[in-house]
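Enquirer: Sequence:
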Amino acid sequence: MTMNGDSPASVDARAVSFGVEAKTLLDSVDMRAERGQFVGLIGPNGAGKSTLLRTLSGVLRNQEGTVWLEGADLQSMPARDVAAMLALVPQIAPYTQGFTAFELVLMGRYPHLGRFQVEGETDDRIAKAAMRLTETEEFETRTLDTLSGGERQRVFLARALAQQPRILLLDEPTSNLDVLHQLTILGLVRKLVDEGLTAIAAIHDLNLAARYFDRLVLISEGRVLTEGRPEEVLTPETIESAFGVRAAVYRDPVTDALAISLIGPAQGDGVAPPDRAAAGQNGMSSASRR
Numbered sequence: 001m002t003m004n005g006d007s008p009a010s011v012d013a014r015a016v017s018f019g020v021e022a023k024t025l026l027d028s029v030d031m032r033a034e035r036g037q038f039v040g041l042i043g044p045n046g047a048g049k050s051t052l053l054r055t056l057s058g059v060l061r062n063q064e065g066t067v068w069l070e071g072a073d074l075q076s077m078p079a080r081d082v083a084a085m086l087a088l089v090p091q092i093a094p095y096t097q098g099f100t101a102f103e104l105v106l107m108g109r110y111p112h113l114g115r116f117q118v119e120g121e122t123d124d125r126i127a128k129a130a131m132r133l134t135e136t137e138e139f140e141t142r143t144l145d146t147l148s149g150g151e152r153q154r155v156f157l158a159r160a161l162a163q164q165p166r167i168l169l170l171d172e173p174t175s176n177l178d179v180l181h182q183l184t185i186l187g188l189v190r191k192l193v194d195e196g197l198t199a200i201a202a203i204h205d206l207n208l209a210a211r212y213f214d215r216l217v218l219i220s221e222g223r224v225l226t227e228g229r230p231e232e233v234l235t236p237e238t239i240e241s242a243f244g245v246r247a248a249v250y251r252d253p254v255t256d257a258l259a260i261s262l263i264g265p266a267q268g269d270g271v272a273p274p275d276r277a278a279a280g281q282n283g284m285s286s287a288s289r290r
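In terms of the numbering used here, the sequence shown opens at residue 1 and continues consecutively.
I should point out that these hints are in silico values taken from the structure, not numbers from a laboratory.
Cβ atoms here follow ideal geometry from the backbone N, Cα and C, with glycine treated the same way.
Don't take each hint at face value.
Simulated crosslink set (SDA-like; lysine to any residue; CA at most 25 Å straight-line) [to be verified]:
1. LYS191 to PRO111
2. LYS191 to LYS23
3. LYS128 to GLU103
4. LYS191 to MET107
5. LYS23 to GLU195
6. LYS191 to ARG223
7. LYS23 to SER50
8. LYS191 to ARG125
9. LYS191 to THR146
10. LYS191 to SER175
Derived Cβ-Cβ restraints for the label pairs, each shown as a range [what the hints assert, rightly or not]:
11. THR66 to ALA22: 18 to 28 Å
12. GLY19 to THR122: 37 to 47 Å
13. LEU183 to THR141: 20 to 30 Å
14. GLY120 to GLN97: 24 to 34 Å
Model the full assembly from the supplied sequences, consistent with the hints where possible.
Expert: Structure representation (structure tokens):
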């Protein structure tokens, strides 16, 4: 099933800043997702990954800078047009009392309905196809309060896919999933990206980031430290600088994928704050991904 019937979209954030009261959460962030690309946002807790995703989706309104979706200024776009183009899967699936899984997934069709129009057979078919893709069809008649956190997370992904977006934003999509479904869901998104979808996801697991993503953006304290292909970003020096841990980076002999083994905390009495310039230099070493 191809989730994006039109041409794929790109996301271009330029000098985007956002803050709450006196605290800066995003500080002049530049990042871009090319059409048909899977981009991962990595960084320590509180780095600004979730804030950036919510800003890219329009849930938060950036105070400085511009977010462009397919060349259009996000802040000038009608909400329905944004919803028809872009879907956001939150880290914590909100509790929606009384709705069945299928009813929730069907809500993803709302941006494509006319005024006073109700869902029809085509919408039902698209919603059920999204549930098959996310392996949630067995939950179709169950209410959301009877599902586990991981099951609800997959249902919300199905709702996002039912929107048939050209851009998919995911906030920690594997956080509540078992190992099997982590691989299944990231493999699904990878397949959709290969078919033309543009996807951006915040992710903590560096090994999954190395395996599934085309490009990584390393964020710390609301700033982009470095970005590039996984082998350019995930170096021992950059990991130590950003996360305060020592790591070994190598090629897995079985999968030939880039692999990261965390050794332990960095030496010293404390972890120094990340050095933006050093991280950028260390993150741009040359290597072959495959």
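Enquirer: Taking the earlier hints as the rules, which of them does this structure contradict?
Expert: When the structure is compared with the hints, numbers 2, 5, 6, 9 turn out to be violated.
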